[in-house]
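Kindly generate the complete structure, drawing on both the sequences and the hints.
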Amino acid sequence: MNGKTLACDISRISLLILCRTEPKLLKTGESSRCEAMGVRVAHCLLLLALHFFPASPRTALRVLSKESRTATRQDECRNLIPCKDNGAVCIHPCSPPFHGETSFVCKDRKWQMFTDTCTSLDVQTLFERISPREPLPSSEGHVSVAGGRLPFVREGKPGNGKPGDGAQYFGADNRGNPNCQADFSCIVPEILSSPAIPGNIADIVELLKKISLLLSENVSRGKMQSYSRIANHILNSSIISSWAFIKDRNASSILLDSVNLFAGKLLLRNGSESIQERFISTKGYSINKNISEKSFDFSVEFNKTRNITGRVVIPEEELLKLPKTSKAISVALPTLGAIIETSRLDPGFVNGMVLSVSLPEELHRVFLTFEKVNKLENLKAQCVGWHSAKRRWDSRACAVKSDNVSSIVCICKHHHRTFKSFSILMSPTVLRNAVLDYMTRVGLGLSIFSLVLCLIIETVVWRHVTKTEITYMRHFCLVNIAASLLVADVLFILAALVHNTALNHQLCVAATFFLHFFYLALFFWMFTLGLLILYGLLLIFFKLKISVFIATAFSIGYGCPLVISILTVAITEPKNGYLRRGACWLNWYETKALLAFVVPALSIIVVNVIVVVVVVVKTGRSSVGEGCKSQDLSNMIRISKNVALLTPLLGLTWGFGLATIIDSRSLGFHVTFALLNAFQGFFILLFGTLLDRKTREALRMSYLSSKRKCSLAKS
Numbered sequence: 004m005n006g007k008t009l010a011c012d013i014s015r016i017s018l019l020i021l022c023r024t025e026p027k028l029l030k031t032g033e034s035s036r037c038e039a040m041g042v043r044v045a046h047c048l049l050l051l052a053l054h055f056f057p058a059s060p061r062t063a064l065r066v067l068s069k070e071s072r073t074a075t076r077q078d079e080c081r082n083l084i085p086c087k088d089n090g091a092v093c094i095h096p097c098s099p100p101f102h103g104e105t106s107f108v109c110k111d112r113k114w115q116m117f118t119d120t121c122t123s124l125d126v127q128t129l130f131e132r133i134s135p136r137e138p139l140p141s142s143e144g145h146v147s148v149a150g151g152r153l154p155f156v157r158e159g160k161p162g163n164g165k166p167g168d169g170a171q172y173f174g175a176d177n178r179g180n181p182n183c184q185a186d187f188s189c190i191v192p193e194i195l196s197s198p199a200i201p202g203n204i205a206d207i208v209e210l211l212k213k214i215s216l217l218l219s220e221n222v223s224r225g226k227m228q229s230y231s232r233i234a235n236h237i238l239n240s241s242i243i244s245s246w247a248f249i250k251d252r253n254a255s256s257i258l259l260d261s262v263n264l265f266a267g268k269l270l271l272r273n274g275s276e277s278i279q280e281r282f283i284s285t286k287g288y289s290i291n292k293n294i295s296e297k298s299f300d301f302s303v304e305f306n307k308t309r310n311i312t313g314r315v316v317i318p319e320e321e322l323l324k325l326p327k328t329s330k331a332i333s334v335a336l337p338t339l340g341a342i343i344e345t346s347r348l349d350p351g352f353v354n355g356m357v358l359s360v361s362l363p364e365e366l367h368r369v370f371l372t373f374e375k376v377n378k379l380e381n382l383k384a385q386c387v388g389w390h391s392a393k394r395r396w397d398s399r400a401c402a403v404k405s406d407n408v409s410s411i412v413c414i415c416k417h418h419h420r421t422f423k424s425f426s427i428l429m430s431p432t433v434l435r436n437a438v439l440d441y442m443t444r445v446g447l448g449l450s451i452f453s454l455v456l457c458l459i460i461e462t463v464v465w466r467h468v469t470k471t472e473i474t475y476m477r478h479f480c481l482v483n484i485a486a487s488l489l490v491a492d493v494l495f496i497l498a499a500l501v502h503n504t505a506l507n508h509q510l511c512v513a514a515t516f517f518l519h520f521f522y523l524a525l526f527f528w529m530f531t532l533g534l535l536i537l538y539g540l541l542l543i544f545f546k547l548k549i550s551v552f553i554a555t556a557f558s559i560g561y562g563c564p565l566v567i568s569i570l571t572v573a574i575t576e577p578k579n580g581y582l583r584r585g586a587c588w589l590n591w592y593e594t595k596a597l598l599a600f601v602v603p604a605l606s607i608i609v610v611n612v613i614v615v616v617v618v619v620v621k622t623g624r625s626s627v628g629e630g631c632k633s634q635d636l637s638n639m640i641r642i643s644k645n646v647a648l649l650t651p652l653l654g655l656t657w658g659f660g661l662a663t664i665i666d667s668r669s670l671g672f673h674v675t676f677a678l679l680n681a682f683q684g685f686f687i688l689l690f691g692t693l694l695d696r697k698t699r700e701a702l703r704m705s706y707l708s709s710k711r712k713c714s715l716a717k718s
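Residue 4 is where the sequence shown starts when you use my numbering, and the numbers rise one by one after that.
A few of these clues could be false.
To be verified - Cross-link-like lysine to any residue pairs, in silico, SDA-like; alpha carbons within 20 Å at most:
hint, residue 1, residue 2
1, Lys416, Glu365
2, Lys548, Ser558
3, Lys307, Gln279
Everything labelled a hint here was simulated from the structure, so no lab data went into it.
As structure tokens, then:
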């Protein structure tokens, strides 16, 4: 065979492949004419190509323009092609046995993954094995399946569709499984054994879509079980990040619509059905107007450590609208909300499971209860429905009925063409108040500066203000209060940095432990100061030695917090219940570790409130019997001054935290709490140091003394 003949054969083969793999470009009846017209042109072109452009041993690696949406493996891009121009895309085919491409886009001089179409599944073959057996027509590139039309690729030699000429039949199970059409079970093992990579996920979504559109008649329990097992494979919480690299950004929306369509056709045995997988749960019930109320309760796995719950309630007034017995079906999808958000840029994030409902046309309203995944108190929930046509969450579908820290109840409208799936959004950009964040940052910065200045002043005036036992004890407590709050404020900032940047569990545990310890130390030292005030007021004739006071104060101020902190971490950390989700701080919902801080703090606040009341009563008695109005005014000023001085020093400002718990939605309570506590260090400097007459006098004396020494030195 000479070179010319070989070139003709190769060109003919190439053109045959083109005619068979592009049915949209070439009609079936034109296949022979396609070959006849194109062979001569391809013959000449191929001869020229072989003569002037010999085969190159280099790999098929290339850089495309910004508009291209394909790419390559990151190491190939990094090693062979420098990332210089933002938007450039690098391409390389997938390694066998996978087919497709992976893609990385150049951004900030680094190759970043963009899409991944590598796949090991053949969706067409899988679908053929579960489809009804019908011969492929020879005149068109479509085949009717269960009332629908499905594009196909013909294999083998061209023929007329008769047996023996290469025509393929849907439903031909090569493994001889007679139940393929009955429950789809023959394709499940192959899908579950495939890796859940982006390309395979996209193919499985396409397969589920085809099944829902073409094979959703008479959905039995077996069919729904197989369908759920396939969907569960790509809904696993461990592969959520893989969805971000699927080429079709609407894949998650397509999956949701497919699940709703297929589950809505589920047949009920004996009036009910329940099919449970780890990440998808389906329930169905027969309903009629004689039922007072019907509810669907779900508890589905969200990740390896926890389940989340949801509930669908059809109220009695809706059931009364039913003319006959009907069915209601609901599907719970705990991870789909997070999957949807991987391909969206909305400021909000889904903070619970997605609940889908399929109801009779007469019913238009349901109640849905969602457990919140992230239970931060400063995040406000929003009830939403999924708009299938617009492929986005729509707040017009639902309204909030009740909301608390752990869950929310929504009233949702059920429209058959738009809203079938519902969830809750938590939007930090809307619900985290910018004023509160700004006040906290400014307050912490000012407090840290004030506490440092307070300790410097106490160091300067210590000799002058601690000449008596009672003043020594007072300033001793003040110094330890300032030091504990200073360390706690610094640790508060470090804990936030550790959580936002490092995301290291051990560092977060360490930061939480010391934060817990020093905040407790702050409260116990304020408790010690409160006891000292009571001692000065009530035990006038009882003298306390300084050595005994120091030993007792250290035992209370640092000993008690240390014991509580160690016990808390020792009991809860082995169960992974020491830290809360979303912050480096004590857990509440799983282990109630936060009680180890709340109970001591609130108890000390109560005791110190009693101390302030005793001070007010003692101060008021001095003017009893004196009718002079000027004395009354002086007494009121003195009482107000004492209360103002003692409030920050005894930690009474933390009592406003109770108001934020009672009404967590009130911005006024949160602003008041932030103002009083973020600026506590400044208030300690102001009321504990600068407004103290003896401290000011000592500062003045120290200033004059240093000035005199300077003058003598100059002389």
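| request: May I ask which of the numbered hints given earlier this structure violates, with the numbers listed in increasing order? | output: Violated hints: none; all satisfied.
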